[in-house]
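Engineer: Below, each chain spelled out in residue letters.
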Amino acid sequence: MNTLTLWFHQFGSPPIFHRVTARLSPWLYASATLIGFIGLYGGLVLAPADYQQSDAYRIIFVHVPCAWMSLFAYFFMAINAFIALVWRIKISEILAMASAPIGAVFTAITLATGSIWGKPMWGTWWTWDARLTSELVLLFLYVGVIGLYNAIEDRRQAARAAAFLALVGIVNVPIVHFSVTWWNTLHQGSTVRLLGPSRIDSSMLWPLLLLALATHVWFFASVFARARVSLLELESGKDWARSAVLGPGAAHD
Amino acid sequence: MRYGTTASACAALIRRDLVLTWRRRGDALNPAMFAMIVVVMFPLALGPEPNQLARIAAGILLVAILLAGMLALDNLFRSDHEDGTLEQLVLSPHPLSLLLASRIIVHWLTTALPLIVVAPLLAEMLHLPRSVLPVLLVALALATPLLSLLGAVCVALTVGMRRSGMLLALLVLPLYVPVLIFAAGACNAAQAGLPFLAPLLWLGAALALALVLAPMACAAALRISIT
Amino acid sequence: MTDFLAMGGYGAYVWSSYAIFVVALLIDFLAPRLRRQRVITDLGGRLKRQRKRQEKSA
Chain A
0 MNTLTLWFHQ FGSPPIFHRV TARLSPWLYA SATLIGFIGL YGGLVLAPAD
50 YQQSDAYRII FVHVPCAWMS LFAYFFMAIN AFIALVWRIK ISEILAMASA
100 PIGAVFTAIT LATGSIWGKP MWGTWWTWDA RLTSELVLLF LYVGVIGLYN
150 AIEDRRQAAR AAAFLALVGI VNVPIVHFSV TWWNTLHQGS TVRLLGPSRI
200 DSSMLWPLLL LALATHVWFF ASVFARARVS LLELESGKDW ARSAVLGPGA
250 AHD
Chain B
0 MRYGTTASAC AALIRRDLVL TWRRRGDALN PAMFAMIVVV MFPLALGPEP
50 NQLARIAAGI LLVAILLAGM LALDNLFRSD HEDGTLEQLV LSPHPLSLLL
100 ASRIIVHWLT TALPLIVVAP LLAEMLHLPR SVLPVLLVAL ALATPLLSLL
150 GAVCVALTVG MRRSGMLLAL LVLPLYVPVL IFAAGACNAA QAGLPFLAPL
200 LWLGAALALA LVLAPMACAA ALRISIT
Chain C
0 MTDFLAMGGY GAYVWSSYAI FVVALLIDFL APRLRRQRVI TDLGGRLKRQ
50 RKRQEKSA
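Protein sequences, first through last, are from chains A, B and C.
In terms of numbering that gives the first Met the number 0, the first sequence opens at residue 0 and continues consecutively.
In terms of numbering that gives the first Met the number 0, the second sequence opens at residue 0 and continues consecutively.
In terms of numbering that gives the first Met the number 0, the third sequence opens at residue 0 and continues consecutively.
Keep in mind the hints are simulated off the structure, nothing from the lab.
Relax, there's no trap hidden among the hints.
Below, a list of computed lysine-lysine pairs in the DSSO-like style, where the Cα atoms sit at most 30 angstroms apart: (1) A:K237 with A:K89; (2) C:K51 with A:K237; (3) A:K237 with C:K55; (4) C:K47 with A:K237.
Listed next, with one range per pair, are the computed distances between beta-carbon atoms: (5) C:G43 with A:P14: 10 to 20 angstroms; (6) C:G43 with B:N74: 39 to 49 angstroms; (7) B:Q51 with A:W86: 55 to 65 angstroms; (8) B:M40 with A:H8: 50 to 60 angstroms; (9) C:D2 with A:W124: 22 to 32 angstroms; (10) A:Q156 with C:G44: 25 to 35 angstroms; (11) B:D73 with A:W86: 26 to 36 angstroms; (12) B:L200 with A:W6: 46 to 56 angstroms.
Note that the structure is a prediction, hence the values are computed from the model and not measured.
By construction, the Cβ of each residue, glycine as well, lies at the ideal position given by its N, Cα and C atoms.
Whole structure, please, built from the sequences with the hints as guidance.
Structural biologist: Right, here's the structure in full:
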């Protein structure tokens with residue numbers, strides 16, 4: 000077995016996952032916060048005001064990274080759901096289910112900041128713009144996955160059912176986007192580009208990319224934190240979970 | 000031990016489901032009644048002005064029929080699950096997806112077909128222009144089997160639950176969004192005098208795809224929820 | 000500084016967006032921590048009861 004598959008197998012073992020992520024998690028949170036603050040400083044202070052949108056465009060620095068994350072979290076969830084259903088790896092089930100609420104949070108931020116941005120730019124809080132509408136459907140998909148996961152008593156069966164729904168959803172996401180775009184052109188709705196400047200200046204680009212990086216790192220920190228709790232709950236009967244809760248030595252009495 | 004052919008198993012299942020529906024034929028009309036009542040609510044809420052109603056008639060009809068179909072989904076597997084028939088189907092030597100496909104077909108015949116039959120009546124009540132009616136019926140003929148197939152996958156995931164109504168709506172409606180958009184889009188385009196063939200063709204393509212894939216997905220989902 | 004807070008007249012929009020972002024991530028940070036606390040209390044209590052029962056039967 001080469002080192003990569005070995006590492007993969009070890010990472011997939013609940014006690015090792017629990018231990019490794021415990022060591023990793025604070026670093027991930029810290030670096031996400033640090034990168035995020037640098038990005039925010041660049042975006043709020045250093046970047047010049049846009050000639051068309053003045054300072055309102057600065058919402059882009061939270062809106063766009065969150066929009067990217069809402070899709071990234073769904074892909075991450077779907078990949079883990081696929082692994083969970085095909086190879087029945089417990090860690091993948093838990094990772095898939097842990098990423099659903101985070102993705103939902105990022106989707107909700109995207110919608111909220113999008114509509115706040117829309118108010119000064121379009122003069123209305125909500126417009127049936129293709130991207131906003133598909134983002135809304137994405138939120139419904141997330142809520143469906145979370146709802147199904149919470150509705151089934153048996154945790155592993157719940158994870159598998161919700162993972163299956165996530166896979167159905169990933170097929171649906173591009174179809175929804177395509178149909179909503181088609182619908183939008185049919186109705187001649189407002190087709191204002193959300194990204195105002197078509198060619199973004201580098202002084203605006205680097206804070207954007209830094210914040211995107213920060214949200215990605217944050218996502219992994221949060222996924223690991225959530226997965227650790229679920230793992231502890233799921234494996235509460237096992238020795239390693241007891242010793243993780245009560246300290247070593249408590250497992251063998 | 001020898002089993003019958005898969006075709007005979009599917010035929011037996013279809014015959015059984017049709018007989019069961021016939022014995023409770025009063026229930027089969029419920030979705031159509033529901034759609035009719037929903038449609039009646041709209042003029043009461045919006046006012047009886049014919050031009051205004053005509054403009055949104057197609058949309059109201061499609062949403063009403065979609066909701067009626069969604070409510071009917073709940074009993075797709077319910078009684079079969081309660082009396083253990085569903086487990087027998089899962090354990091049978093025949094491909095589960097084909098058995099489920101025949102189950103879905105019967106469900107479509109007994110719930111969606113009555114809805115399509117009453118659609119012209121409802122369209123008349125909402126003053127839908129006559130020229131749009133054929134497009135609406137074609138759109139319904141393509142969209143309702145699609146809704147049944149997609150819905151069946153979600154029902155299979157919630158089959159073990161006692162109260163699944165609201166959750167089912169939450170799972171199903173995001174999947175219905177594209178179907179609704181294309182079906183309503185075709186009607187609206189026809190009403191505006193624009194070419195309406197493209198959305199109908201998209202619906203047809205989606206139906207062909209779903210006819211093959213949805214029963215398999217439904218079978219996989221059922222195996223997850225019946226352990 | 001006032002200029003910075005005013006954001007060219009769009010201050011309310013910009014700062015509320017950033018506030019939503021920060022608050023949402025803060026909740027996202029706290030949620031697993033609180034749940035972990037609850038799980039550990041549950042599990043600790045369950046183990047303690049278990050041990051007491053074992054001692055009684057021994």
